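Asks: Spelled out, the chains give:
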Amino acid sequence: MSQRQVLQVFEQYQRARSQFAQAVADLAARPQSIDTLRSAGVVCLLRPLLLDVVPSIRQTTALALGRLADYDVEMAEAIVKAGILPQLICSLPEENRYYKKAAAFVLRAVAKHSPLLAQAVVQSGALEMLVICLEDFDPGVKEGASWGLGYIARHNPELSQAVVDAGAVPLLVLCIQEPEIALKRIAASTLSDISKHSPELAQTVVDAGAIAHLAQMIPNPDAKLKRQVLSALSQIAKHSVDLAELVVEAEIFPVVLTCLKDSDEYVKKNGATLIREIAKHTPELSQIIVNSGGVAAVIDCIGSSRGTVRLPGIMTLGYVAAHSENLSMAVIVSKGIPPLCLCLVEEHEDHIKAAAAWALGQIGRHTTEHARHVAVANVLPTLLDIFVDPRSSEDLRTKTKKALKNILQKCTYLPALEPLLHEAPPSIMKHIIGQFSKVLPHDNKARRLFVTTGGLKKVQEIKAEPGSLLQEYINTINNCYPEEIVRYYSPGYSEILLERVENYQPVL
Amino acid sequence: MAALARLQERLAGLREEYFLTNRAIDEDRIIKYKAAVRIQRWFRACRVRAYLRYLSKMATLIQKWWRGYLRRKSFKEIVERAYFIKKEKFYNEMAVRIQKTWRGYYVRKYIHNFYALKKYLDAVSVNNELVRYELQEFADMKENEEKMKDLEKKEKEKKYQARKMHYLLSTKQIPGVYNSPFRKSPDPMELLLQQSKPLTHRKQQVKSPFADELYGWPTCKEPPGFVASLPVLPADRQKPQGPFRDPAEVLQQRYKPMEPTLRVRESMYSSPPKARVPTRGEEWRDPIHDNQFLPFSSYHKNHEKYEPSLFTSGKYGQEAYGTKYFREVYPKKWVADKDFETLFSSIALFEKFGKTYSSTGQIL
Numbered sequence: 001m002s003q004r005q006v007l008q009v010f011e012q013y014q015r016a017r018s019q020f021a022q023a024v025a026d027l028a029a030r031p032q033s034i035d036t037l038r039s040a041g042v043v044c045l046l047r048p049l050l051l052d053v054v055p056s057i058r059q060t061t062a063l064a065l066g067r068l069a070d071y072d073v074e075m076a077e078a079i080v081k082a083g084i085l086p087q088l089i090c091s092l093p094e095e096n097r098y099y100k101k102a103a104a105f106v107l108r109a110v111a112k113h114s115p116l117l118a119q120a121v122v123q124s125g126a127l128e129m130l131v132i133c134l135e136d137f138d139p140g141v142k143e144g145a146s147w148g149l150g151y152i153a154r155h156n157p158e159l160s161q162a163v164v165d166a167g168a169v170p171l172l173v174l175c176i177q178e179p180e181i182a183l184k185r186i187a188a189s190t191l192s193d194i195s196k197h198s199p200e201l202a203q204t205v206v207d208a209g210a211i212a213h214l215a216q217m218i219p220n221p222d223a224k225l226k227r228q229v230l231s232a233l234s235q236i237a238k239h240s241v242d243l244a245e246l247v248v249e250a251e252i253f254p255v256v257l258t259c260l261k262d263s264d265e266y267v268k269k270n271g272a273t274l275i276r277e278i279a280k281h282t283p284e285l286s287q288i289i290v291n292s293g294g295v296a297a298v299i300d301c302i303g304s305s306r307g308t309v310r311l312p313g314i315m316t317l318g319y320v321a322a323h324s325e326n327l328s329m330a331v332i333v334s335k336g337i338p339p340l341c342l343c344l345v346e347e348h349e350d351h352i353k354a355a356a357a358w359a360l361g362q363i364g365r366h367t368t369e370h371a372r373h374v375a376v377a378n379v380l381p382t383l384l385d386i387f388v389d390p391r392s393s394e395d396l397r398t399k400t401k402k403a404l405k406n407i408l409q410k411c412t413y414l415p416a417l418e419p420l421l422h423e424a425p426p427s428i429m430k431h432i433i434g435q436f437s438k439v440l441p442h443d444n445k446a447r448r449l450f451v452t453t454g455g456l457k458k459v460q461e462i463k464a465e466p467g468s469l470l471q472e473y474i475n476t477i478n479n480c481y482p483e484e485i486v487r488y489y490s491p492g493y494s495e496i497l498l499e500r501v502e503n504y505q506p507v508l
Numbered sequence: 001m002a003a004l005a006r007l008q009e010r011l012a013g014l015r016e017e018y019f020l021t022n023r024a025i026d027e028d029r030i031i032k033y034k035a036a037v038r039i040q041r042w043f044r045a046c047r048v049r050a051y052l053r054y055l056s057k058m059a060t061l062i063q064k065w066w067r068g069y070l071r072r073k074s075f076k077e078i079v080e081r082a083y084f085i086k087k088e089k090f091y092n093e094m095a096v097r098i099q100k101t102w103r104g105y106y107v108r109k110y111i112h113n114f115y116a117l118k119k120y121l122d123a124v125s126v127n128n129e130l131v132r133y134e135l136q137e138f139a140d141m142k143e144n145e146e147k148m149k150d151l152e153k154k155e156k157e158k159k160y161q162a163r164k165m166h167y168l169l170s171t172k173q174i175p176g177v178y179n180s181p182f183r184k185s186p187d188p189m190e191l192l193l194q195q196s197k198p199l200t201h202r203k204q205q206v207k208s209p210f211a212d213e214l215y216g217w218p219t220c221k222e223p224p225g226f227v228a229s230l231p232v233l234p235a236d237r238q239k240p241q242g243p244f245r246d247p248a249e250v251l252q253q254r255y256k257p258m259e260p261t262l263r264v265r266e267s268m269y270s271s272p273p274k275a276r277v278p279t280r281g282e283e284w285r286d287p288i289h290d291n292q293f294l295p296f297s298s299y300h301k302n303h304e305k306y307e308p309s310l311f312t313s314g315k316y317g318q319e320a321y322g323t324k325y326f327r328e329v330y331p332k333k334w335v336a337d338k339d340f341e342t343l344f345s346s347i348a349l350f351e352k353f354g355k356t357y358s359s360t361g362q363i364l
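Going line by line, the protein sequences match chains E and A. Under this note's numbering, the residues of the first sequence are numbered 1 to 508, in order. Under this note's numbering, the residues of the second sequence are numbered 1 to 364, in order.
This is chain E alone, in the form it adopts within the complex:
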């Protein structure tokens, strides 16, 4: 038998292995074939191929495993149970970049499903290897590793801490500075996932000097990168005043406003979120935002978008207005009320309406001037409609009630209060009547107007429990008018008059 024939056997075997791995990888990419693959015990068959002598077979196998794990939790669990992860990880540092990429893909696909699986990945020592991969020269490998770290870190603070302890953060910060957009994007997303859990983790990211680099990338034309960068910055800024100040000091301010005009919805949303996270901490930070024209940009953003993109913008306005009366006035001056009112009318989802109601309440609760501006914009009837509407959720109703109460308690603009008298439920009515009882004793014209518009009649029709606050208010109002008028408008007065006509003895 010649040498050639012997070698042919080996060659055939190798070709078959390679074909098998390739075919499984192709099949794993199709969702409909996964169940069949699972019942065929594909994981056990792929496992020995991970130790194959030929590098390309190893890579293809890893790729197939990655696709399987990517598909659903059960496959990922099966892969973890089969003990594939240690095999995959041990040989990683010696392998070429393609294999590293594929291995990182497997780890990522396993870790993404649940905290338990991510924990299993961490326990198999994947973090060290991923960090080594982050030091690789190939951007693709770095990308894969960074992505895997991000999927591990996003589950909970402990896993995130484990990623930080593995020393990934400085390398991720280096990755942000690489020229490849995709790598930057994923590194920024990973930093965002790490810093979202706790102030300490965010502080670690800040200590690695991430903020300056992230802030530099805000004007980048790539929308997806912008999304991640803004998200990372907002996750850092959300924890404490110090962190928010650090973010502001990176001079993000005029630049970040351009993101609110971006064509990409998520860039808008994340930009608004970043501004919200900064604004919510202190009046000073809010002041910075107002001075840089951020409020106008946010208001434009609210006006030009729909749905959840609006939500962070609405909340930004609420936070800014809540801090002080000047800031609230600045929001009013920036024409913030009409878009918010529009949100109340247009939006279908209750939580957005609730946010808008809350923001309006924060704007109107400072002084009579504020309340007047809010009332003039015809907000009160809208709020009342929402409050009365039986389809509104419980949360929305409490929020609108609070907002109404806040505004009404400061509102002395009677023409706006008049229409409410006819439709308000008792819980709101008491605040409205209270405002009338405060204003009418001191205002001559208003007293006259109150009678002519039928307010007094309405007040007489209200049934209040004797001794209650409402009754006191009503008495105060009644004391502003002569007795005949009050009696004239009381219900049942016509019957009394008729009775008198009947009883009257004509004098002849």
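Because the hints were derived from the structure by calculation, they are not lab data. Quantities reported herein were computed from a predicted structural model and do not represent experimental measurements.
Taking CB as the label site, the calculated pair distances span:
hint, chain 1, residue 1, chain 2, residue 2, range
1, E, Q32, A, V250, 55 to 63 Å
2, E, P157, A, L199, 52 to 60 Å
3, E, A212, A, N113, 35 to 43 Å
4, A, N113, E, E200, 40 to 48 Å
5, A, Y106, E, K463, 48 to 56 Å
6, E, D35, A, E134, 52 to 60 Å
7, A, P260, E, Q32, 50 to 58 Å
8, A, H201, E, Q177, 37 to 45 Å
9, E, Q32, A, L199, 37 to 45 Å
10, E, G303, A, H201, 53 to 61 Å
11, E, G303, A, E152, 27 to 35 Å
Cross-link-like lysine-lysine pairs, in silico, DSS-like; alpha carbons within 25 Å at most:
hint, chain 1, residue 1, chain 2, residue 2
12, A, K142, E, K224
13, E, K335, A, K118
14, E, K410, A, K118
15, A, K119, E, K335
We treat Cβ as the ideally placed atom computed from N, Cα and C, and that holds for glycine.
Please build the complex by placing chain A on the supplied structure of chain E, with the hints as guidance.
Replies: Then chain A, alone, in the frame of chain E:
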């Protein structure tokens, strides 16, 4: 005796008389005694009262003097205190008045300064207008860019389409579909077709072994970019008019193979221990195969050319050291079909010899 008898007669009366007298005396004495007691009582009482009156008078006198003395003693202090209190009250009142005015002024001027607030709000609204305007401009610019990009893309698409459909161009004999003889002027497409070149056949792309599976999945959509070789100039280029060099020279210069120095050739990262690491890893990984099975039937041809060493396989045996110059070239003696590659760093001066040009383009 008679006297005695008389006496005796009288004796009984006497006795009675005596008794009566004594009784009267007794009674009288009691009355007198009581009267005396009453008189004495009155008198003594008078005396005691007078004495008491005297005592109280004296006490009043003493007290009067004493109290007067005491008051006189503290009067000054009291007056001073009262005066002080009055003064303090007055000062407090005045202080309140000053503070009231000052605080009102201060707050109006610095804290709730209406004019400053108005100015600030005006400034905010102006600034907002500015920001809105700038952002609008920015958005417009972006939109324009997008539009331009779209246009360019469409144009490119159109041009590509024209190149693809170049065969529809009309010839002298037969008008093409876009050049209908019944129309006054040809279709714009016809003009485009005239301007564009026909597509050449696409080169067969050589598939790299890992290409499809490794760039298929989402992380890496494109293969890593390597430095592409310079664009190939056509070999039969005409010499352009003007003081240009001969095209052949230019070509030679352009495609001159790189001669890196030794340091550059050797990888920076291949220190001997590092080089040994992969082998160790392989040994660990391949526990089944003790020695890797290399020689597949086609392995020789593709990968390895066995080159026997010059010294051992020379026809004429070894040459003495120093008799052969490595710079000399004897193509006849080559065992393989190409020369050794010089691995020594080139000497710049020698390299330039015969290849450099003066500024005027003449060979030196």
